[in-house]
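Got chain A sorted already, so can you dock chain B onto it with the hints?
One letter stands for each residue in the lines below.
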Amino acid sequence: MTRKEFDLFCKDAEKDLICYYEASGDYVLVNNASLSITGYEPAELIGKNHYDFFHPEDRKYIQNAARYLSLQGKTNNLKPLRYRKKDGTYVWLSWDTIPVKDENETVTNLLSISRNVVSKTEIWDEKLRKETVYDEVGRMAGIGYWELDLKTMAPTWSKGTYDLHELDYIYRPDLTTAINFFAKDARITVLKAINEAIYEGVPFDMTQPLITAKGRKKWVRIIGKPVVENGKTVQLFGLFQDVNKSTEELNELKGTVKLLSSQNNQLEEFNNMLSHNVRSPIASLSMLLSLYEVAETEEEKQELFEALKMASQSMNELLDELMDSVKAVSNREVESENNDLVTIINQATELLKGEIIQSRAVINLELGWEKIYYPKMYLESIMLNLMSNALKYRSDERDPVITITTKIEDGCKVMVFSDNGSGIDMERYGDKVFKLYRVFHRSKPGKGLGLFMIKGHIESMGGEIVINSELDKGTMFDIVFDKHKKMGAPL
Amino acid sequence: MKPEIICIVDDDPIVHFTVTKMIESTLSVKKILVFDDGEQIFDYLYKNAANKDLLPDIILLDLNMPYMDGWEFLEEYAYLKPQLAKKITIYILSSSVSDFDIMNAMANRDVTDYIPKPLTKQKVEELFHN
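Chain order of the listed sequences is A and B. All residue numbers for the first sequence refer to this note's numbering, where the first residue is -15 and numbers rise by one. All residue numbers for the second sequence refer to this note's numbering, where the first residue is 6 and numbers rise by one.
Heads up, some of the hints might be wrong.
Derived lysine to aspartate or glutamate pairs resembling EDC-like cross-links, with alpha carbons at most 16 Å apart [what the hints assert, rightly or not]:
#	chain 1	residue 1	chain 2	residue 2
1	A	Lys376	A	Glu339
2	B	Lys126	A	Glu277
3	B	Lys7	B	Glu29
4	A	Lys238	A	Asp466
5	A	Lys416	B	Glu77
6	A	Lys32	A	Asp10
In case anyone wonders, no lab produced these hints; they're calculated from the structure.
With the rest of the complex left out, here is chain B:
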C-alpha cells in the first residue's frame, strides 16, 4: 500500500528538509507533515484522532527531542492508539547507534522498524514500495 500522508518528527529543521526531499524524490505522496517534537505530533494525532483523512499512514520518529522525546511519545501513543481512526506505522529514524536505543525501539510493539540516520534512497524505496 502506498502511503498518502507521512509525518516527520524531528527537532532539527535540516532533517525536515532533507528527509522531505529524499521522500519526494523517490515516491509521490499526497502530503508530508513536519513536527518539531513528540508533543506537537501527539497534539496533532489527538486532535484528529477520528479524522481518517488527516491522520498519517507513516510516522518517522526521532528519539532525542526536547519537551517530549520519542520514548515519551511512544508511551502516550499507546494510550491514544485505540481511539485512532487509522492504522499508523511508526518507524524510528534516529542518529543513535546505541544498543540500548535500538533494542528498546525494536521491543516496542508500536514500532515497526528502526532506521539509522542518514536515510538513504534505497531505504525509502525498500520501505514504501512494497
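This is chain A alone, in the form it adopts within the complex:
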C-alpha cells in the first residue's frame, strides 16, 4: 500500500485510528486521528511496534489470538482492548484488522481500524441496553432489583420489582410504603433487617409474605447487601424474587409429609399393638387348651374351662376396641359439618352428669369462637374423652375445675382444655401419653384408648394436639384444629 492509497483509504475516517503496519507489528503508516486518540503524532508512531502499546494484560491476547488469525489471512474484529496513550493512560479501542497479501498470497502487512468505544453516547447506549437486558432477564426469572438511597432513604426499583408488586412503573415508593407492601407480621422483620444492614452492615436473605397492589398474597425472597466502607454502610441494594410457587409447594409438601409421618406412626403403633394385644389372648387360649388336654381331674378341667371363657370374652372386648381405634385412624368415612361447640359441650356434660355432680366439678367456658366446621363424631369424642379424663384423674384435694377456652391464633382455630387435676409426670411419661394402651394412674383404672383416639381424630384432620401437665397441679391440652391452614393460607 502506497502513501497515496492509504490517504485515500483514510479520507472519510477522521474519528478512527487507522494503522498500516508490517506483519511484525512495525508501523508503516498512521493516519492523523492518532493525535486525538492516542496523543501521538503519526510520525512519532512510525517505526514503533504496534504490540508494544497494548496493556500488558491484553498483549498476550492480541499476540496469540488476533495476530495469529491475521497472519492466516483472516479478517478479525476484536473486543475493545487497552492501548497506551502518550500520557501513559490507556484508552479502550475496538480493533478491526485486515490482512494485506502480496501476489503469493502471503500476508506481508496488516491494516487496522480502531475506534474509541468510550464515547459518552455509546456508554449510555450500552448501559441502557444492559439495563433493558437485565430487566427483561429479571422479569423472566421473577427477579427485581432494588436499591436504597441512604441519604434520602428513597428506594429505587427495577421493572421486575414493580411487576412483583403488581404496580405501574410510574409509582414512586418511599421506604414506608415499600415496607407496607409486606404482610403485617413480616414488616417488623423486614424493617429490622434493613436497619441492621444500614447500621451494622449485616446482609440479609429471607422469604416473607408480600401483599401486592392488587391485594394478592405472595411469598417473596428479599436479599439485601450493604456495601461497607470504613465501617459505614455507603450503599444498600438487593434483589426481590418471586418464590410464591416454590414456597407454597414446599409448605404443601411439608404438610403432607407431616400428615404421612403421623399416619405412619399411628400405623406403627397399631402394628405394635396388634403384636402385643392381639397375639396375647390367642397365646393364652392356646396355653389353656394345652393345659386342658393334660388335665387329670374334673375339677381341674372345670377351672380351665372357666379360664377359657374369660379369655374368649376379653378377646371379644379387645376386638371391639380395635374397631374403634381403626375408625380413629382413618377419616374416610367422616364428613365435616357445621357444629356449635356449646351443644357439643352440653352433650358431654349431660353424659357425665353423675360424675360431675358427685365430684362437684365446675366447668368454665371462655369461648372466642363457637362454630366450627368439623366432623361431629370427632368433636363429640374429643370433648367426651377430655372431660371424662379430667373428671377421672381429678385431684383428691380439690374440687375439679375444667376450663375450656377457644381462640384464633395465626388464623387457626385453637381450643385449650385445662383442668386442676392430679396431672401426669411429663418427664417420665411425656412421650407416651398419646400411645395406645398406656395408663399412668394406678388408683384410677383406664384403658389407654381415649387420648390415642382423639389424637388420631385431630391429626387425620390436619390438626395438632399438645399436652402440658404438672404433677398435682393439672393438665392442659392445646388443640389446633386446622393447623394445616397456617402454612401458605391467604392472610
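What follows is chain B alone, placed relative to chain A:
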C-alpha cells in the same frame, strides 16, 4: 440349678393362671409369685433387695404393661442390680413378634432369653431342667 422362686410379671390375669399351671405341671418350685406390672415387681425387689430367701431366681417379664412396662423395668433394674443379694435370671415372656422388641430384648445384658408366647411345656422343661 433348680429354681426355687419364680416371678411372673404380666398385666393379664389369664397369663398368671396359665403360666403358673404350666410351670407347676412341669417341675416343682417352692414358690411362684405374680405381679401385674413392672412397678409392682420393682417395689418387691427393692424392698427385699438384701433378703436372699425372698428374692426370685427367675423373672418372666412381659413387655407391654401399664404404669411401668418391661422396658422401663429393665432400665430401673440395671440400677438396682448391684444391691441385690441374689443373681436373678430374667426372661422376656411376650406375645410380641416384632423384630424391634426381640432385638432390643436380646441386646439387653440383663435379659437371658426371649420367649414368645404361648409358653409351652417343652420350653419350660428346656429352660429349667438344665
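Now the hints, each set against the structure:
Restraint check for A:Lys376 and A:Glu339: the C-alpha separation of about 9 Å stays at or below 16 Å, so the hint holds. The suggested pairing of B:Lys126 with A:Glu277 holds, with an alpha-carbon distance near 12 Å, which does not exceed 16 Å. At roughly 13 Å between alpha-carbon atoms, B:Lys7 and B:Glu29 fall within 16 Å of each other, so this suggested pair holds. The suggested pairing of A:Lys238 with A:Asp466 holds, with an alpha-carbon distance near 15 Å, which does not exceed 16 Å.
As the CA atoms of A:Lys416 and B:Glu77 are separated by approximately 12 Å, the hinted pair is consistent with the 16 Å bound. The hinted pair formed by A:Lys32 and A:Asp10 meets the criterion: a straight-line CA distance of about 5 Å does not exceed 16 Å.
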